[in-house]
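Engineer: Okay, here's what each chain looks like letter by letter:
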Amino acid sequence: MKTFEYITPETIDEALELLGEGAQILAGGTDLLGEMKRGLATPKRLINLKGIQGLADIRSIPDGFLTIGSLATLSHLAEHPLVAQHYPLLIEALQRTASPQIRNIATVGGNLCQRPRCWYYRHSAFPCIRKHGEGCFAMGGQDRYHAIFGGHRCFIVHPSDLAPALMALDAEVRIAHADDSRIVPLTDFFVGPRDSLTQENILTRQEILTAIRIPVPPDNAYGTYLKVSERKATDFALASVAVSIAWLDTQVTHARVVLGGVAPVPWRVKQVEEMLIGDELSGKRIERACERAVDDATPLRHNRYKVALVKGLLRKALHAAHRSREKGEK
Amino acid sequence: MSEHWLLGKRVPRPDAIPKVTGEAVYTDDITFPGMLYGAVVRSPYACASIRSVDTSRAEQLPGVRAILTPTNSSLFSTEILYAGQKVAALAATDPHTAQEAASLIQVEYQRHRAVFDPIRAMSRDAPVVRPSRSQEFNNVCSHQRKERGDLETGFAQADIIVENTYRVGIAHQAYMEPHACVARFDVSGKLTVWTSIQGQFNVRASLASMLGMPVHDVRVIAPEIGGAFGGKTSLIMEPIAVVLAKITGAPVKIVMSRQEEFIDAHPGPGCIIHVKTAARQDGTLTAEWAEIIYDTGAAPGAPTGNFDRTRGLYRIPNFRYDIYSVYTHKLIPGAYRAPGALELTFAFESQIDHLAGELGQDPIEFRLKNAVDEGDLTVDGKVYPTIGLRESLHQAREQIKAVEHKPHRGIGVACGKWMNAIGASGVILTLNEDGSVNLTSGAVDLTGVNTVLAQIVAEELSISLDQIHVQTRDTDVAPYAALSGGSRTTYGMSLATQNAVRQLKKDLFEFASQHMPVSPEAFTVADGKVVPRDGSHTGIPIRELARIAMYSARGPLTVTGSASDPSWLADSYIFITQVAEVEVDPDTGEITVLRVSSFQDVGFALNPMLVEGQIEGGIVQGLGWGYLEGLVFDKGVVLNENLTEYKIPTALDAPELVPVLIEIPSADGPYGIKGVGEPSMVVTPAVLANAIHDATGIRLTETPLVQDDLSTRQGPLGNM
Amino acid sequence: MNRYGLKEKIELRINHATHHIEVDVRDTLLDALRDQLGLTGTKRGCDMGECGACTVLMDGKPINSCMLLAVDVMGRNIMTIEGLAQDELHPIQQAFVENGAVQCGFCTPGMILTAKAFLDHCSNPTDDDVRQAISGNLCRCTGYRKIVEAILDAASRLRRGKRHV
Ligand SMILES: Cc1cc2nc3c(=O)[nH]c(=O)nc-3n(C[C@H](O)[C@H](O)[C@H](O)COP(=O)(O)OP(=O)(O)OC[C@H]3O[C@@H](n4cnc5c(N)ncnc54)[C@H](O)[C@@H]3O)c2cc1C
Ligand code: FES
Ligand code: FES
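Chains as they are written, first to last, in my numbering: chain X, 47 to 376; chain S, 11 to 730; chain V, 23 to 187.
Hints listed in this document are in silico derivations from the structure and should not be mistaken for laboratory results. These figures come from a predicted structure and were not determined experimentally. For glycine and all other residues, C-beta sits at the position ideal for the given N, C-alpha and C. Misleading hints may appear alongside valid ones.
[As the list claims (entries may be wrong)] Every beta carbon over 10 angstroms from chain S, so not counted as near; a handful from chain V, in silico: (1) 69; (2) 115; (3) 143; (4) 178.
[What the hints assert, rightly or not] Straight line, CA to CA, 25 angstroms or less: simulated SDA-like cross-link-like pairs of lysine to any residue: (5) X:96 - V:97; (6) S:416 - X:81; (7) V:29 - X:185; (8) X:83 - V:146; (9) S:416 - S:40; (10) V:29 - S:44; (11) X:83 - S:14; (12) X:177 - X:57; (13) S:416 - X:365; (14) X:48 - S:44; (15) X:48 - V:96; (16) X:48 - V:44; (17) X:83 - S:418; (18) V:83 - X:366; (19) X:96 - V:182; (20) S:516 - S:39; (21) V:29 - S:39; (22) X:177 - S:418; (23) V:31 - X:91; (24) S:645 - X:48; (25) X:278 - V:171; (26) X:278 - S:418; (27) V:31 - S:14; (28) X:96 - V:171; (29) S:516 - S:418; (30) V:83 - X:124; (31) X:90 - V:110; (32) V:83 - X:296; (33) X:278 - S:40; (34) X:278 - V:146; (35) V:31 - X:278.
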């Protein structure tokens, strides 16, 4: 690891001022230190955000949002009473994220900003396009963990479990910049390889993700996060699905379906959401939704199984939603 | 029921105490003032020649003390045969500098055509890794044939023939402690090496011969070792540390990173097994043929010599097995817990299951029908003594009967065999003046052997366990001990200890007869005393005799004990049957292993808690190799070179474990014991594959059982 | 605002004692514990946050000490395995010894500290609770059965201990 200057600013403004060429933000460090140890990140300056007051707070504000400071740790979020009350889906996602120890250090902001886990990207022997190199080694190589949606010259999958869950809850992110700060829907936060081959979100070198806001879910909403990984802990998703559904009587009035582990960004399947709204959640409809979800999948040589996984997971999630509504009725 | 008062008891390991407090010292915990840290540069290419190595930038980094390259050191070659091969090394004042310096060394490579698949490597036009031992094929490192009867007749007699190809991936032992060593020369030129190794004396011999030094000028110390499983048997970083220590005049430590472990240690080998098994309609096996191709990577290392040690479970009158090991441009495999057994068991026990299914027979009854018995021949034609195969099958049958059948669940069964080694074993036993006993051993304690040796001494002398102090000491102090491996350690060391303690008793009795009017042969020990068997005297406490002897003309009571066997393997046949219960998620195909029960003949469990520990650990390792683990390569480069992508089981992946100990005493083992260190893992992949087949109707023939097959499994599963 | 360069003098609170040491800014907490303070009970199994051998408690919670910079833990309370036993072994340590939960011992310090933090919050866990809690601590030797049993046993020892107080 190359040496660096290490700074702990006390305000966001100070932090923003310190940003620039060669500077990098350190949150929990569970991803960044790994990248630095492998020589993938070589910051000249590390800006540690932990000295900034209030940046780790989780609070509900009167306008109906839950606001999560970007520096809140994953375990802090998972243990928060408001989360248990309104967003059990988040807890499901967090419990399946990394390991208990990592969750005690890793932050919510860092989880959304973490770099890809593609083994070619992480490996020093493969100068891939995401490292300003030659191309995508997964194409024609060992591609079983790679994308079945949205790939284009690069087939990484977004590694976060939290991101699809937050997206299914219509989360927004607050981004601070020296000149202003803005709020962006999480759906617009991530960028795929068509837009950038070297970064996975819209943040510029001059910006900091300061908070995530989640609206209170609609009445009668049900949410769940299901994940398949080869190992039952400390393992990234082969595929995952975050579903949030609300009803009026038997009619679906609101639906969010977001897939994880299958695309370079958390993959929202709007076409499925649309077909679910306005109707009952019957077995037949669920089957059609599952087919629809993988309509535009373009699997690589060794990851066709992900198509089946997505269908299987979505089927499970929608049946669980359906059962929960029936239970609620009783 | 037992004739022993302490053997067979669940005695905790005394070495667990410093381990739970953090006081136990492992190699990487050792530091010296002025110690330097080594780092290694490795080839990213699998087959190349080195054109040049430019160390100028590294040399300029403050703190770099020495750099070794192919130009100035014979430790490195300019011919690269696998990715990860060491190209250069250096020593620096701290680990950060060492790492940074390594990254500044510039190597220019001329790349060559490489070959990675062993079957490809055998073809006549494949690049030559090393000269072939075969006229017919390229890159053959070794070939043996085992045969009996007449294959054609055997197949002609059959009503059904099952033919499959199985592939077993390369699996890493993934001990939690990466390799570490420290080398230091003292002023007189004597070398001391601390290293994380299974056998101190073989390291001493290898280093002495490498350096042209007499063995007494090389002292090897094995501190506590954080797991090994066969992966810490030979020199790995020691030569580099030694040479760096020599030229810098400072102690040098090298610790392998986890990544280096995955790319350049000696994992269990990859293997392709093409096998044809034949039976009659009534379930009698008639013939078996197999071609077994080991991927031995860039040098000999695949364990091809253990066929008879692990097969020969069924009476098969006609067979032929061809066992090849083949060079490829990949890292060099080595021993992993019961080397050679797991891959063969996976293939052959899948075959048996497949055949039973085709014949519509119960897999246990089918096995029982063909199982070998006392008097039958092993593959190599030795005669079996009393063995526990049937007993383990019977117990497994009872277990299965009790399992409730549920949808999406499957039950699998498979059997395995192993034989333990003995190996040169020596101990020194000293009776202290207070009657306590020191036992000095040179064997590295991996499995709790020192605890068991203490039990033996306490048992034999009828004194309490806390009076026995067993220690593994280094090569300057301890008697020779072969490496701790091959399930030999408890077996061989117990024999040596039994010999020593019996000698000690003899000496004690002789000395006691000077103090009591009783002849030496008439004594026994009871409650810590030497007493005449006929009760004619109240006896004298051993403690008392020890003290008197020390200050008399007799002198201290000290004995040695030795054991060995020129044939290496003991006459000890270990049979196991395992039963696995799995659940398969009908939507996603996810496999959950619910329970694995293991019915293993252990001869006699000197300490059932430790024996269970070996079995439980082994099952979960076997499970890992079976359905999670396997190195993944691209152009010979290991992609999953970390513990996130190389997935060993977590506590959530480990199933309920039911170790059942069957005790059929071995003929030549002390107290009837058999080796238990290795065999538990050999059956698990097979039993998983058979259980998955039972649940889904799909026979998986490649480990890890899940990864690439998930997709193919989806179709049929959807309709389950 | 604190700025640090190559080498820094820092203050660490470890096992209730304050230490002043000089670290390289690149040193992780694990490096500082092992190399500067000689607290070698904390083990390095991967250095990448994957194995849990380096687990220590930070303000009572288990964390991977290999994934935190030493300069980043100033002001936090760190507990290492050396700080657990007082005059005698802690009940968790006793339970590990007696249940055969220790083989090579390399995972043991991290495993025990994880168990400690867990049992501080959960006094009557199930087998599955324990497995969830230790899912970030890899053990290659035991197959986990005896570790889980030891932690369940420790939980009941601790409950008994509490009742007596
Ligand atoms: C062994 C292991 C297993 C894992 N398993 C999983 C898993 O199953 N599921 C999963 O989702 N994740 C998993 N992860 C990833 C883990 O969740 C992330 O490493 C973690 O969430 C990152 O958070 P952090 O605070 O440590 O980020 P850091 O490492 O500090 O930062 C990550 C990146 O984001 C940038 N960054 C951080 N915060 C901000 C901010 N506020 N504004 C702008 N940029 C910022 C940093 O500069 C850096 O590039 C695993 C990690 C490990 C080591
Ligand atoms: S050494 Fe820190 S998690 Fe492995
Ligand atoms: S006891 Fe060896 S890794 Fe757990």
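Engineer: Work down the list of hints and note, for each, if the structure agrees.
Structural biologist: Status of each hint after checking the structure:
1. 69: violated (7 angstroms)
2. 115: violated (4 angstroms)
3. 143: Its Cβ never comes within 10 angstroms of chain S, the nearest being 18 angstroms, so this holds.
4. 178: holds (18 angstroms)
5. X:96 - V:97: holds (12 angstroms)
6. S:416 - X:81: Outside the cut-off at roughly 46 angstroms; violated.
7. V:29 - X:185: It is violated: about 44 angstroms lies between the C-alpha atoms, which goes past 25 angstroms.
8. X:83 - V:146: violated (40 angstroms)
9. S:416 - S:40: violated (54 angstroms)
10. V:29 - S:44: Measuring from Cα to Cα gives roughly 19 angstroms; hence the hint holds.
11. X:83 - S:14: With a Cα-Cα distance of about 55 angstroms, the restraint between residue 83 of chain X and residue 14 of chain S is violated, given a limit of 25 angstroms.
12. X:177 - X:57: violated (32 angstroms)
13. S:416 - X:365: holds (21 angstroms)
14. X:48 - S:44: holds (23 angstroms)
15. X:48 - V:96: Since the Cα atoms of residue 48 of chain X and residue 96 of chain V sit roughly 22 angstroms apart, the hinted pair holds (cutoff 25 angstroms).
16. X:48 - V:44: Answer holds: residue 48 of chain X to residue 44 of chain V is near 18 angstroms, not above 25 angstroms.
17. X:83 - S:418: Not OK: residue 83 of chain X and residue 418 of chain S at ~44 angstroms, beyond 25 angstroms, violated.
18. V:83 - X:366: violated (34 angstroms)
19. X:96 - V:182: violated (40 angstroms)
20. S:516 - S:39: violated (42 angstroms)
21. V:29 - S:39: holds (23 angstroms)
22. X:177 - S:418: violated (44 angstroms)
23. V:31 - X:91: Measuring from Cα to Cα gives roughly 19 angstroms; hence the hint holds.
24. S:645 - X:48: violated (29 angstroms)
25. X:278 - V:171: holds (20 angstroms)
26. X:278 - S:418: holds (19 angstroms)
27. V:31 - S:14: violated (60 angstroms)
28. X:96 - V:171: violated (38 angstroms)
29. S:516 - S:418: Measuring from Cα to Cα gives roughly 63 angstroms; hence the hint is violated.
30. V:83 - X:124: Holds. Residue 83 of chain V to residue 124 of chain X sits at ~14 angstroms (cutoff 25 angstroms).
31. X:90 - V:110: Since the Cα atoms of residue 90 of chain X and residue 110 of chain V sit roughly 47 angstroms apart, the hinted pair is violated (cutoff 25 angstroms).
32. V:83 - X:296: Outside the cut-off at roughly 44 angstroms; violated.
33. X:278 - S:40: Violated, because 36 angstroms separates the two Cα atoms, which is more than 25 angstroms.
34. X:278 - V:146: Holds, at about 23 angstroms.
35. V:31 - X:278: Distance ~41 angstroms between residue 31 of chain V and residue 278 of chain X Cα, so the pair is violated.
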